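Residue numbers (this note's numbering), protein chains in the order written: chain B, 1 to 365; chain A, 1 to 389; chain P, 1 to 455.
Certain hints may be false.
Here are a few chain B residues that sit away from chain A, every Cβ distance over 10 Å (derived from the structure) [what the hints assert, rightly or not]:
id, residue
1, Val59
2, Phe152
3, Arg212
4, Ser306
5, Val315
6, Val338
Stretch by stretch, here's where chain B covers chain P in the computed footprint (C-beta under 8 Å, at least three residues) [stated by the list, open to error]:
id, segment
7, 301 to 308
8, 407 to 420
9, 435 to 445
Everything labelled a hint here was simulated from the structure, so no lab data went into it.
Bear in mind that the values here come from a model prediction, so they are computed numbers and not experimental data.
Each residue gets a CB set at the ideal place from its N, CA and C atoms; glycine is no exception.
The primary structure of each chain is shown beneath.
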Amino acid sequence: MTKQPKRSAYAYFCLFSLYFGAAGGFLYPSLVINSTDGALWLPILLWAGASAASCLLYVRLLRGLKGQPLLPYARGLLGPAAAWLLTFPLLLFAFGAVIVMLRSFSELVTMTLLPTTPISFLDGMIVPAALLAAAGLPPIFRAARLLFLLAFTILLFLLLVGFINTHLYYGGPWLRPEPAFLLSGDFYGGSFLWMGFAFVALCGSYDAEESRAYRKGYLLALGVGTALVLSFVYLPVLTFGRELSSNLTFPFVTKMDSVYQYWIVFENLTSIFLSATMFCLLVVMALKLRTIGSVAHGLWPKLPVSKLVLTASAVVFAVATWIPEWRIIESWLFNSLVIRMYVMFAFPLLLLAAGKRKTAKEESK
Amino acid sequence: MKPINPTASPASERRREQAQGRKEQGRAKALARLRTAWSGTAALLLLLAAGGCWDSKDVDNRFLVGAMGLDAKSPERLEVWFRVPVTSPMGGGHKSSFFAVSQEGSTVMDAVNRVQYKLPKAIDVSSTRALFLDEQSAQYGLLPYLEFAVRERTVPLDAVVAVVEGGMKRIFESPNPAGELAGIYTKLYFEPYAGGIPRKNKTMLWEVYAKLHNPMHANLIPVLRQEKKDFIQTGNAFFRSDHMAGRLTMDESLLYEMMTKRLTDSEIVLMSRSDLNIVHNKTRVRSRLAGGKPRVEAEISLSVSLLDKSHSKRRSEDEIKEELAEQLDQLSKGLIAKTQKAGSDIFGFGNRFRDRIKPDQWPDLYRQGDIRCTFKIEMRNTGLEFLRA
Amino acid sequence: MPALLASLHKWTVDEPARSLNKELALLFADAHDYICVKIGEDGGREVCLCYLSTLASPAKLRFVVSEEAGTLESRLSQYEGTALQEAQADSAEHAICLGMAVLCMEGSSHGLVLNLHKVQQRSLSSPFTENVLQGPLYAFNENLEVNTALVRQRFRSSKLKCLVSDIGTATRTKAAVMYAEDKVDPDCLQRVQDALDGLDVQSVQDTGELLRLIDTKRWARLFPKAVLTERPDRVSSDLLRGKIAILLDGTPFALLLPAVYTDFWHSPEDSYVNPFVSVFLNALRFLAMFCNLTLPALYIALTSINVDVNRLEISLAAAASREGVPYPVFIETMLMLIIIDFITEAGTRLPQAISATVTMVGGVVLGQAIIQANIVSNLLVIIVAATAITNFIVIDYQMGLVQRILKYFVCIGAAVAGLLGIVFCLICLVFYLSCLESFGTPYLTTMLKKKGGGA
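Next up, chain B with everything else stripped away, as it sits in the complex (with noise of 0.2 Å):
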């Protein structure tokens, strides 16, 4: 590696993109769809606008660390022990994210496509993410930079054919708003698929040019998601009724298999779906991985980047193998809402507080 070279904002927005893509196909409708009666795009739109407040903290963050990466900032700032603490819920908070991702994919496919191939072998697709990781971030945008072309094609293809058989009507309460779903822990553990940005930021070194392309890359990229991510929600809805979808545990995997239409050559749509999906997975979980990577490195700093990826996905390759019940899971997703929320706000929040005052304390010097 000679100079690293500017990422562009439209390598973030592949990335980011991606991440929509790998999350919120699968887990994602059901918790939305359980999470309220009234109108669903409400809880949607709520979150995807608490994760651009929560980006653009990040990006007021990454503006002012010239050119470094985001832990060895904090660890000069607060000092090794106080960072210590505050970085230690990041670790946690990225293995959860990952293990989750990984096992929730594996049972998925066992569910659907490969019923009696044992889990622990499905969760070896962990390998070539975890040595991508290893490799180091420029791989992981280049990797997404193509994937998102194949990925993307694929799921825009499945959501053009998703709209046969949809009726507006089934959509209902479209204007009813209901307070209740902000008590709904389906609402809080939906929380998982806003947080791609954080995993960027907390891997990888910005200045101001590239923390700009890191939010243009973002906001674009949530603008894309979104509308994914409603089509996820909705083109079930719309095409099963409320009542079924809510009863589904893969509202968008059962609406694929629903597709009938003479000219598609594949009759199997579930299949595509999965493939698309897991284009987008890997790469992500080879993102999730280098930012448990970095945080790793941001705490034991004697340790190498790649030794520590490395131990890390024999760690979660394990732990996903283990959980014995899906419940687990689930339960995750819902408890480890303190966790996120710190990561989305109290953690930038902290630094940059923190940041405020050496500048301060320097200048009454």
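With chain B held as given, fit chains A and P onto it using these hints.
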């Protein structure tokens, strides 16, 4: 070009020797590496052979089921029929192009599992094209029999569903007139390129299942019967929740298609003195809640063209239009009265009230509802011959 | 030529243990084409000319064997060569091996190198591996000087630089590094030069071998890191796009560095035809690549694991054609793929006259017989044939070879996990490609060809 300047140094010999030595070492290392690579590959292949392909079952080792029939003898005992197309290499040899088996069980999956004990190959229902429900079992209720398809994802959700009257045996065991690919005949019958689609009311498994869960939308499933050689559709059965509640005639089904905007193809309407082809259909539905009662107005515009008229009588365009409107009006009144009496909203009008009422209230409200159809008919053309009164 | 004689006179006669001609005679003992003739005397000392008769052409220095015909002076004045320089034993040996002649005087350890080099080369012909349909019809040959000249003729500017170095301790093959000064990435140039300087090998026979040698990361060697071409037009246009060309003496293939994945899918003709056609052709090539990678794998996946993905009609047809085939789909496909690779390989290595027969026997007779013998299904034969054809759409020979290997890899994936296995393999491939770098340039840099500078 740089001038040639072969510089020589006394150390060159020694360097060459060193290089040689290094090369030997390098080769040994490379060999070792190659060996590890090979053993790795070999191990991987062994692993693959040992038990790698968990879900692999070659297509010639499966019986791909073309059609399945569910026949509930009693609420506990279920008979499942399978119709399997027989594949024969190079088109030759076999007399029959299909075979049919039936198996009793307590659930569908149980029957599928048990039928394996009879057959030399694994039965594979994952490409089933059609699912038949016996008329009797349709009266008991469908839900318990269909859940397996969604939960286990065994039968594709886009399989065609139909109710069969007159027993499963006949429809499963008699050969199809067209002969080829016996099992998928039913599917082809409902395919868009087959004729008469609007009255057939193709219904797919996922629709049935979704409507079973949706109190605001009732099922309408085609009813088939096996005649001597081919099967005929005798009408469409409508349901109240998961029980069969009555029948629609084929003509009523056409009206149903119009009201639910499913009519996209052209369709022929026969009247006493003339035949018309409906070439375009547009429907507007207005719904409101007036004094706690739902009120639905469906405004159906039809564009028709004249196919044939009786030579015995002179008729004008207006007369023909009027006759059609009257005929449709009669049909619609009968259709609405029938379904309202049963409390089965096959049109899904209830979905339009989602903003205003709770889903469970709908079936009762539907009974009291005021549902009207108005028809607006345009004669687009009279074919290549003028119609002169 | 008095200068020649004058420099001969300047030598100090250092009376070494063995004078240069003796030394050379010792070095070239048992080489029957080594010739050392006395061409005259100078101040009582013998002057002789040493050369390899197979490499040098004494015609350039016209001397007559008979004693009376002239003095040394007159003989030397007939020399019509270029640069001359002094050489000692080591360098004289090298010079002789290069086809020079060395003028030695008795009692001196120094000699004069005369350029009597005679070149063995074939004439320019059209490219052998890259068939040209439209565009310049000539290709490089095995002579470095000619090849450099061909490039210079297409790139007439002082910006075109050419550095030469020797590679191989035994063969001392000349390698020319050419680049356009204002376009090239200096960082990349430095990498290439370091790589060439750092080479420690006995011999280099071909640029393909050279590429393996300077591509240092072992795990990353699957994909070619440089384009091999024998077309001067491709070299000169790529030089203008900021690439570096390495030409090697004795091979008609030039290396173009750095190369990214998409470079292997473009032919220089793409810029000679109209853009609609070239876009169509490019799309066709990528489609062919996808088919080549996935067709056999899809067959495996769709007939053994994801049977419900294709229509029942197709599944039934596949089942019918496999009826009676005793082997599992995976084995059947592997068998057939290997056979078709046998046929391809047999066709390439044989002389053209025979290879037509091989294709005939292999393709037609074997294909027909293998179906009738019920060893493979006829659906598979169609698929394998299509796969083989798509493989030939690949423009670059190196990339075509890689593709041939990769399809087995994808097939294994398909046999284990069906469609998802195929997708998994493709993802692995993308990940692998995105980790690769060709001399500092990421291998997956861009999907589109950049206009102008930058690689």
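Checklist entry - Out of the numbered hints, which ones does the structure contradict? => result none
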